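Generate coordinates for the entire structure from the input sequences, incorporating the hints supplied.
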Amino acid sequence: MAANPSTKQPWTESEVTLLVQAWRQVATKWPPLQRRWEAGTFEDKVHTLLSQRSRFLHSPAAILRQQKRILEFGKLVHRFNEARRVEGGRLWFDLTTEERERVKPLAMTRLTLLTTLNRESFATLVKMGVLTEPSLESPAPLGSQQVQDQAPDASLHPQGSQSSPPAAIAHGAVLNQVNDASRGGPRARSHKTLQQERSPASSRPSGDQVEQGAARKRHPKAKHRECKDLLVSLMERQNKIFQRAVQDLRADLEGDIQRNAEMLRSIASDRFEGPGSSGDANFVARLLETKQRQVRDRFERFQEARARDGASNRAHVEQCFASQRD
Numbered sequence: 317m318a319a320n321p322s323t324k325q326p327w328t329e330s331e332v333t334l335l336v337q338a339w340r341q342v343a344t345k346w347p348p349l350q351r352r353w354e355a356g357t358f359e360d361k362v363h364t365l366l367s368q369r370s371r372f373l374h375s376p377a378a379i380l381r382q383q384k385r386i387l388e389f390g391k392l393v394h395r396f397n398e399a400r401r402v403e404g405g406r407l408w409f410d411l412t413t414e415e416r417e418r419v420k421p422l423a424m425t426r427l428t429l430l431t432t433l434n435r436e437s438f439a440t441l442v443k444m445g446v447l448t449e450p451s452l453e454s455p456a457p458l459g460s461q462q463v464q465d466q467a468p469d470a471s472l473h474p475q476g477s478q479s480s481p482p483a484a485i486a487h488g489a490v491l492n493q494v495n496d497a498s499r500g501g502p503r504a505r506s507h508k509t510l511q512q513e514r515s516p517a518s519s520r521p522s523g524d525q526v527e528q529g530a531a532r533k534r535h536p537k538a539k540h541r542e543c544k545d546l547l548v549s550l551m552e553r554q555n556k557i558f559q560r561a562v563q564d565l566r567a568d569l570e571g572d573i574q575r576n577a578e579m580l581r582s583i584a585s586d587r588f589e590g591p592g593s594s595g596d597a598n599f600v601a602r603l604l605e606t607k608q609r610q611v612r613d614r615f616e617r618f619q620e621a622r623a624r625d626g627a628s629n630r631a632h633v634e635q636c637f638a639s640q641r642d
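With the working numbering, you'll find the sequence shown wraps up at 642, consecutive numbering, no jumps.
Hints may contain errors.
To be verified - Below are the DSSO-like pairs computed for lysine-lysine, each with C-alpha atoms no more than 27 angstroms apart in a straight line:
1. 544 / 420
2. 420 / 443
3. 345 / 443
4. 345 / 420
5. 443 / 384
6. 384 / 420
7. 544 / 556
8. 420 / 607
Calculated from the structure, these hints are not laboratory results.
This one's a predicted model, so the numbers in the text were calculated from it and none came from an experiment.
Put into structure tokens, the structure is as follows:
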């Protein structure tokens, strides 16, 4: 019995890979994507392409939802990798699944793409240029007055400039449809906003205006997630700096003890008839070895205590932000 495409099916890694490939192909194959899309065209084209390649069980609406999840997850991975490059740590796809579970941002928990979005699909998204776009919450500028007259419901038909990559324009068209639906439809914009879009001075807003509009419309939960991610990143960075300082101090102390031990052994050998022939010389050697072990043990206990404190601090941060969400 054939599966019903309308039934919700979990996305596998191979299906996510096929979706990203089809996403890129559709976005680059049809130049009209650079102008204005009819509602539903993009996901229908992707669904048609995927159905030709394999027995694809997901509907166009499911494709649209999954594209939004992939985009949000990809941006989180992109920010994670940028932070790791600054700190000198391993990137996301260099970690094991268990390590990703430990270090993943809280926002990744609800996206369920931890193991299905692989390195190759992420690289494709990077090449498409969709992971470094400004927030899609800000309204897209309209084109000429003729296009405005032909399409009064402009919020359903995102507009891109001629210099924009086709992949980025298609991606914007997909997610702006979702944003419009969540805001109550294409006519939810105010009269003042429409006047600003028609004016020549505001037809192409600057980057600062886009960022300010996105900041005003950002949900409080998103702000909490960003604050939490920033705080955890700062804690990890400070911990790494402290660990390097402790390692340098330990190396200096052990080096000083080693040099003092060699010097005392040399003095003891000169004062007595031969090395090891005197009980005093052996006693001095054992004393220095004991001191080295004590220093090493103290540093190891100190690092273990620091690791426990770090885990406790991270758990406290998670608890605080979880209580704010509730």
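Right, here's what the structure says about each hint:
no. : hint      : verdict
1   : 544 / 420 : 12 angstroms, holds
2   : 420 / 443 : 23 angstroms, holds
3   : 345 / 443 : 15 angstroms, holds
4   : 345 / 420 : 35 angstroms, violated
5   : 443 / 384 : 17 angstroms, holds
6   : 384 / 420 : 19 angstroms, holds
7   : 544 / 556 : 18 angstroms, holds
8   : 420 / 607 : 42 angstroms, violated
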